[in-house]
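Chains R and W are the protein sequences, given in the same order. The opening residue of the first sequence carries number 281 in my numbering; numbering runs sequentially from there. The opening residue of the second sequence carries number 9 in my numbering; numbering runs sequentially from there.
No lab work stands behind these hints, which were simulated from the structure alone. These numbers come from a predicted model, not from an experiment. Backbone N, C-alpha and C define an ideal beta-carbon position, used for all residues, glycine too. There could be a bad hint or two in this list.
Said to hold, decoys possible - If you want the ones that stay clear, here's a sample from chain W, every Cβ over 10 Å from chain R, calculated:
(1) Asp35
(2) Ala37
(3) Gly38
(4) Val39
(5) Ala103
(6) Ala188
(7) Ser219
(8) Gln283
(9) Gln316
(10) Val322
(11) Ala335
(12) Glu341
(13) Arg349
(14) Ala508
(15) Ala509
(16) Arg520
Said to hold, decoys possible - For each label pair, taking beta carbons as the anchor points, the in silico distance ranges come out as:
(17) R:Glu457 to W:Leu298: 55 to 61 Å
(18) W:Ala88 to R:His434: 54 to 60 Å
(19) R:Glu457 to W:Arg307: 38 to 44 Å
As the list claims (entries may be wrong) - Residues of chain W clear of chain R, computed beta-carbon distances all greater than 10 Å:
(20) Arg14
(21) Glu15
(22) Leu90
(23) Thr120
(24) Pro189
(25) Pro315
(26) Leu383
(27) Thr443
(28) Asp545
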Amino acid sequence: MAIPFRDAAELERLGAAGFLRVRPDGVEGAWRAALFLTNARGEPLDFAYNRIRLPQRFLWRAPDAAAYAARRLAASLFEVCPRAPVLLLALAQETAPALFTRELDLAVPAARLAGAGTPPAAGEDAEDVTDAEEGGGVGALRLLWAGRAPPAEHAARLLLLQLSQRGLLAEPFDRAEAGLVEVYGLLGGAGEGDDDELVAGAPER
Amino acid sequence: MTSWWRERPSADGLGQAALLPLRPKLDAAGVARLEGLALFGEPWEQRRRREPDEDGGEFPQPPAVSPGALAESLARRLAAVLQPPLASWLASSGALDWPHPFPAYQRDGILTLLAREALLLADDMGLGKSVQALAALRILVHQRRAEAALLVVPAGLIAQWRRMARAWAPELRLSAVHGAPADRAWQWRAPAHLYLTSYDTLRADFGEHPSSPPRRRTWDVVLLDEAQRIKNPDAEVSRLCKRLPRRRAWALTGTPLENRLDDLASLLEFLAPWQEGEPPPRPVAGMALLARHAALQLRRKKTDVLPQLPPKQVVEVTLELGPAQRASYERAEREGVAWLRGLGAAAELPHVLELVTRLKQICNFCPATGESAKLADLDDRLETLAAEGHKALVFSQYVDERFGVGALRRALARFRPLAYTGELAPAEREEVLATFARHDDRRALLLSLRAGGHGLNLQQASYVFHFDRWWNPAAERQAEDRAHRLGQQAPVTVYKYLCAATVEERIDAVLRGKQALFDQVVDDVSLDLAGQLTPADLFGLFGLEPPYR
C-alpha cells in the first residue's frame, strides 16, 4: 500500500511535468535522450531513456540529422512513458523549434526553455518566467511555447507556477542529464546492436 | 499510449523516405517508474511479505544476474540520482513543506547530519535538536538513502516525538514500539520508516538471538535521544545500544560532556557504523578521545546563534504518564465520570470543573506514589540547563505539598530551587528574588501563578516551564514575560507540559479548535475554563451531555 503524502490529492491533481533532453552521445551521429517526469514538487515519477545512432553520418546535413534524431527519440520515449505529462518542456539550446511546432502533434502545452530575451521562432509564443532562486532556480528565463501559450485556467499553468516558485524549471534538466549518465555512462557512445532494423521502444520496468 | 501525441508526416517529403535506407539504429527505450515512497522500487506490501519469520534469517535478496534484477538495480540507482537537490529539500518553498523555515544554524545541523555517518548533536536545549534530526531523516528517506531508522528515546518522550514527527515528517510512517509485549511484537514488524521506542523497551526486546526485533535488520540510522543515558559503559542499555546494527549513528544530548571524559568514552563507542559479526567498537582514551569527540560533535550554544533565534519560542512537550500515575488517573476519571452520571440533572459546571481540577492535579503528581512524568522531564531538563549555565522559572497554579510548588521544591531539592508563593511575607519575597538574581548556583525559581505571574523582573532566567496549564493565554504570557522582557539578553524558551491521553490533552484539542479564544485578552489570571468552553464542551470532555433544565 502506498504511504500517503500530505496534500497527495493536490499533487495528483496538478499532474506531471515532462522534461525532455536530447544530447549528443559522444560519438558522431549518435544521440541520447530522456523524458523525465516529475510532480509539482520536483519529485521523480518516471524516467524514460533511449539513444539513436545514424550511420553514414556524412550523408546527413547536420540540422537534418539532429532534427531526425530528436524526433525519433522523442517519439520512442513518449511511446514507452506510462503517463502523459500535463506540461512538456525542452531546452531551446538542444531542440529546434520545429520539433514541437511541425514534427510532433501534441495535445499538451509544450515549450522550449531559453534564456531571458531569446527571440521566439516562427510559430512560437514567448513568455517571460522566473525560476525562484531560493530553491536553487536560475532566475529570469523565457518560455517559447509551441503555438499559443496556454490560458490562465489551463492545468499546465498551475503546474508551471508550482515549479517556478520552487525553482524547478531548469534544475530537472540537470537531473535528467545525470540520469542519462547513470544509464549510458559518460559519453559512452551508442551501443552496437545485432539488429539493423528500426526498433520500436519496448517498455522495460 | 499515443492519445496525447503523434508524429506528423515529414514536412519536406524527402526526409523519411530518404533516410530509411540509412538504417538509423534506435535502441529499445527503457523506463523506470520512480514515484512514491515504494522504497528502492519495491512496494511496501511486497517488502512486508518478505519479512523474516520467527526463525530468523536475512531479508531475501533478489537474484544476482537476472534481467529483472538488473532493471531493479538501475531503477534503484535512478531513484537516488533523480531526487531533487539538497537545497530544494530544505527551502521553505522547495520539494517538501516544512512547518517553519529553518534558521541557518538548523540548516547547518541538518546538512551535517546528512553528510556524516556519525554525529553527536549537542546543541543547547531549545535549539531544536529533534527538529534537525527529523528533518534529516525525512530527507534521507526521500533521497532513497535510508529505509528504516530506529529512534531510542526516554519513555516519557515517546508521545512528544510522535507529535513532532507528525509535524515535521508527516508522510513518514512511524511505528511506536511500546506497551505490552504482544503489542510490541507486531509493532516491530509493522512496515515503517521510523521505529520509535524507549531505552527500557529496547532492553526488554533485545535478545541474544540475531533475529530479535532490534537486531534483525541493519538500521540505516540509529538515533539516541538524551544520549547521556548510555554514558555508563557497564550499564546494560549502554552495551545494547552499541550492538544495534547500523549504518549511521546519531546521538542527541543537551548535556555538555566536555568535562566528563568517562561519559564521553561510552558515547563515542556508539558513534560509528557497526554490523553484526564485526568486532565491538574499541574504547578510545586519552588525547585520542578528545580528538574523536571534537571530530564527531556539533554543538551550538544559544549565545552563538542569538541573531537567528526568535525572542521567545514556545515548545509544547507531550508526555506519557508512567504506570502508577496512569492507573491513578484512570481510576480517578472513572470514578469521577460515574459520580457525574450519578448526579444526573443536578450536575452543574462546578462539578465538572472540580473533576477537571482533580485530574489535572494527578497529571502533576500521582497521589499514591508521587510518580510524575512532568517532574521526570523537568528534572532532566534542569540538569541540562544547570550544566549549560542557564536559569529557569517553573510556574504552577498549585502551591500545595502534593501537587504544586511545595511538591516540586521537595522533588527538585538537588537543584536547591527557590520558591515564590503568596504565603511568603513581603520581605521574604524580596529575599528570594535577590538570591535568585545574585547567586549563580540557584538555577531554578518555582513560582505560584497568582503570586509570581505578573509584575516581577526575572530576566536572569531564559527558560520558563508551565508545569500545569490554565489555558488562559494572557495569564501565560504574563508569566512568560517575567523572563521575556526589556533587559533580557538571551532568547526565552518556554516549555508547556501536556500529558497524553488525559483531560489536559482533550482540553488543549478543544481550545485549539476554538482559535479565536486564544486571541482573547483576559484580565483575570484565574482558571477560567468555564469562560472559554461551553457546557457542552466541558461535559463533553468526559463523554457526557450537559443536563438540560
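The hints, checked one at a time:
Not every C-beta of chain R lies more than 10 Å from that of Asp35 (chain W), the closest at about 5 Å, which undercuts listing it as non-interface. With a least beta-carbon separation of about 3 Å from chain R, Ala37 (chain W) fails to lie farther than 10 Å from that chain, contradicting its non-interface assignment. Against chain R, the non-interface label of Gly38 (chain W) is violated: not every CB pair exceeds 10 Å, the least being about 4 Å. Remark: the non-interface label on Val39 (chain W) conflicts with the geometry, its nearest Cβ contact in chain R lying 4 Å away (cut-off 10 Å).
Residue-level check failed: Ala103 (chain W) sits 5 Å from the nearest beta carbon of chain R, not beyond 10 Å. For Ala188 (chain W), the condition that its CB be more than 10 Å from all CB atoms of chain R holds, with the nearest at approximately 26 Å. The beta carbon of Ser219 (chain W) sits about 25 Å from the closest Cβ of chain R, which is more than 10 Å, so the claim that it is off the interface holds. For Gln283 (chain W), the condition that its CB be more than 10 Å from all CB atoms of chain R holds, with the nearest at approximately 27 Å.
The Cβ of Gln316 (chain W) lies farther than 10 Å from every Cβ of chain R, with a closest approach of about 17 Å, so its non-interface assignment holds. Consistency note on Val322 (chain W): stated as away from chain R, and its beta-carbon is indeed over 10 Å from all of that chain's, at 23 Å minimum. Non-interface call for Ala335 (chain W) relative to chain R: holds, since the shortest CB-CB distance, roughly 36 Å, exceeds 10 Å. Every beta carbon of chain R lies more than 10 Å from that of Glu341 (chain W), the smallest distance being close to 34 Å; the non-interface claim holds.
The Cβ of Arg349 (chain W) sits about 40 Å from the closest Cβ of chain R, beyond the 10 Å cut-off, so the non-interface label holds. Residue-level check passed: Ala508 (chain W) sits 23 Å from the nearest beta carbon of chain R, beyond 10 Å. At roughly 25 Å, the least C-beta separation between Ala509 (chain W) and chain R is larger than 10 Å, which holds for a residue marked as non-interface. Non-interface status of Arg520 (chain W) relative to chain R is upheld: no Cβ of that chain comes within 10 Å, the nearest being about 19 Å off.
Between Glu457 (chain R) and Leu298 (chain W), the C-beta spacing of about 45 Å breaks the proposed range 55 to 61 Å. The supplied range of 54 to 60 Å is broken by Ala88 (chain W) and His434 (chain R), whose beta-carbon atoms lie about 33 Å from each other. Our hint of 38 to 44 Å for Glu457 (chain R) and Arg307 (chain W) holds, since their Cβ atoms are close to 39 Å apart. With a cut of 10 Å on Cβ distances, Arg14 (chain W) falls inside the contact zone with chain R, its closest approach being about 5 Å.
Listed as a non-interface residue, Glu15 (chain W) fails to keep its Cβ farther than 10 Å from every Cβ of chain R; the least gap is roughly 5 Å. With 10 Å as the threshold on Cβ separation, the claim that Leu90 (chain W) sits away from chain R is violated: the shortest Cβ distance comes to roughly 4 Å. Annotated as non-interface, Thr120 (chain W) keeps its C-beta farther than 10 Å from every C-beta of chain R; the closest such distance is 20 Å. In this structure Pro189 (chain W) is separated from chain R by more than 10 Å, as the shortest Cβ-Cβ distance comes to about 27 Å.
The Cβ of Pro315 (chain W) lies farther than 10 Å from every Cβ of chain R, with a closest approach of about 20 Å, so its non-interface assignment holds. The Cβ of Leu383 (chain W) sits about 36 Å from the closest Cβ of chain R, beyond the 10 Å cut-off, so the non-interface label holds. With a closest Cβ-Cβ approach of about 50 Å to chain R, Thr443 (chain W) is found to remain outside the 10 Å limit, as its non-interface label requires. For Asp545 (chain W), the condition that its CB be more than 10 Å from all CB atoms of chain R holds, with the nearest at approximately 29 Å.
Violated hints, in rising order: 1, 2, 3, 4, 5, 17, 18, 20, 21, 22; the structure is consistent with all others.
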